[in-house]
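Engineer: Chain residues, written in single-letter form:
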Amino acid sequence: MLGKLPYKKIPMEELVMLSQKSDYRALEELIKREQKNIFAAFSYLSKKRENIADLTQEALLRMARGISNLKNPKTFKSWLNQIVTNLFYDDLRKSTRRPETISIDNDENENPYHTQIPDTKHRPMEKIMSSELDRLIKEEIQNLPDHFRIAIILRELQGLTYEEIANATNTNVGTVKSRIARAREKLQDGLKHYI
Amino acid sequence: MTINLTCTQVSALLSFYLDDRLNQQLKQFVKAHLDICPTCRAKFETLKKMVESLKEVHEKVATVESQEKEASESPQYNEFRTNLSAYIDNELSDEENIKIKKYVISNPKARLEIENLYEFEKTLHNSFERIKNHSKTDFSKQIMRRIDIQEEINTPDSFAKIIAIFIILFAVCTLGMLFIYWI
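Chain order of the listed sequences is A and B. Residue 159 in my numbering sits at position 159 of the first sequence, and the numbers go up by one each step. Residue 58 in my numbering sits at position 58 of the second sequence, and the numbers go up by one each step.
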């Protein structure tokens with residue numbers, strides 16, 4: 001019965017199980033479903049814009065390679081975010097060792113309208129306001145201390161429970177609870193003039 | 001010995017007299033003057049009333065301030081602040097949940113804080129959704145290609161199997177030929 005269902009419509013858990021059985025089309029669909037989420041997570045976690053795509057690709061590759069070793073398909077989300085967390089900490093370690101580099105690509109912040117085509121379809125003013133707000137939120141999250149940043153992203157963006165976050169970040173639930181509370185306080189305080 | 005103080009002298013001492021900061025003797029001289037001088041007596045009464053009402057105002061302000069401070073530093077408020085974030089994440093025990101709900105009902109300040117936090121969360125999640133939909137890169141083909149290459153590198157055993165089969169076949173044929181030749 002499952003065989004007749006298009007891959008796009010297969011529920012997540014089934015898709016994980018099929019991927020574990022080396023069903024390449026299922027794995028491809030799984031990557032497609034998760035990539036936006038992981039890309040978004042790294043766009044908040046990584047302070048360097050040029051690293052986001054590399055980190056996303058590495059996370060997805062680790063997911064694809066390691067999925068057959070995942071024991072319980074129900075823990076897929078938590079397992080995947082463990083990969084994201086490990087990559088986040090690896091990247092932090094690397095960036096403390098490596099001197100700061102400047103991208104030679106066009107900087108989005110310098111010239112945000114460089115390649116953008118005007119959109120006249122849906123309320124352009126509202127779009128500008130929300131993209132400005134998105135930029136401010138991103139900036140505030142990126143300015144959070146590292147442990148707070150990963151905790152709030154795993155909670156707010158990835159929807160992990162405190163226990164799952166504690167496991168991923170190798171700490172206890174109490175610490176997670178206080179990190180999330182303090183991260184929220186800092187964000188609320190930093191954005192109080194805009195929200 | 002009694003010294004009769006002048007009105008000017010008493011005026012200068014009046015404030016200290018009121019605060020009871022004069023020595024015993026001077027206090028008596030001032031009192032003696034106040035008993036006989038209605039003008040200074042009236043001045044003293046006015047000053048006394050003024051100081052008393054000031055004290056009253058000061059006490060009232062202090063009471064209000066301490067009540068406010070108490071409310072924001074009360075163990076219940078501190079507990080509310082500590083648990084608020086976990087409350088909206090549904091990560092509290094049933095007992096803690098009920099405590100927060102009860103506190104919020106009775107405390108308008110807490111209610112406002114919780115409303116603000118919900119509003120903030122809504123804005124944050126809307127922004128996350130926009131950022132998610134912003135990414136247009138499709139990594140799936142790239143990843144699948146890299147896995148294919150990896151698999152090819154990781155599976156030299158299939159090639160080895162073919163070689164082994166050939167060797168076995170060759171050995172069997174040779175043995176067969178030898179056997180035929182021997183017969």
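Hints may contain errors.
To be verified - When the alpha-carbon atoms are kept at most 20 Å apart in a straight line, the in silico EDC-like pairs for lysine to aspartate or glutamate are as follows:
1. A:K71 to A:E132
2. B:K141 to A:E156
3. B:K132 to A:E139
4. A:K127 to B:E129
5. B:K122 to A:E156
6. B:K136 to A:D134
7. B:K102 to B:E79
8. A:K77 to B:D89
9. A:K138 to B:E79
10. B:K136 to A:E163
11. B:K122 to A:E163
12. B:K141 to A:D23
Keep in mind that the hints were calculated from the coordinates and are not lab data. Treat the numbers as computed from the prediction; the structure is a model and nothing was measured.
Engineer: Indicate, hint by hint, whether the structure satisfies it.
Structural biologist: Evaluated hints:
1. At most 20 Å may separate the alpha-carbon atoms for a hinted pair to count; K71 (chain A) and E132 (chain A) exceed this at roughly 43 Å.
2. Of the supplied pair hints, the one linking K141 (chain B) and E156 (chain A) is violated, its CA atoms being roughly 29 Å apart against a limit of 20 Å.
3. The hinted pair formed by K132 (chain B) and E139 (chain A) meets the criterion: a straight-line CA distance of about 16 Å does not exceed 20 Å.
4. Pair hint K127 (chain A) plus E129 (chain B) holds up; C-alpha atoms about 14 Å apart against a cutoff of 20 Å.
5. Between the alpha carbons of K122 (chain B) and E156 (chain A) the distance comes to roughly 11 Å, so the proposed pair stays at or under 20 Å and holds.
6. Distance check on the hinted pair: K136 (chain B) and D134 (chain A) sit about 17 Å apart at the alpha-carbon level, within 20 Å; holds.
7. Annotation: proposed proximity of K102 (chain B) to E79 (chain B) holds, straight-line Cα distance about 12 Å (limit 20 Å).
8. Between K77 (chain A) and D89 (chain B) the alpha-carbon distance is near 18 Å, which keeps this suggested pair within the 20 Å criterion.
9. Between K138 (chain A) and E79 (chain B) the alpha-carbon distance is near 30 Å, which puts this suggested pair outside the 20 Å criterion.
10. About 32 Å separates the Cα atoms of K136 (chain B) and E163 (chain A), which puts this hinted pair outside 20 Å; it is violated.
11. Of the pairs offered as hints, the one joining K122 (chain B) and E163 (chain A) is violated, with about 23 Å between alpha carbons and a cut-off of 20 Å exceeded.
12. Taking the CA atoms of K141 (chain B) and D23 (chain A), the gap is near 15 Å; set against the 20 Å cutoff, the hint holds.
In this structure, the earlier hints numbered 1, 2, 9, 10, 11 are contradicted, and the remaining ones agree with it.
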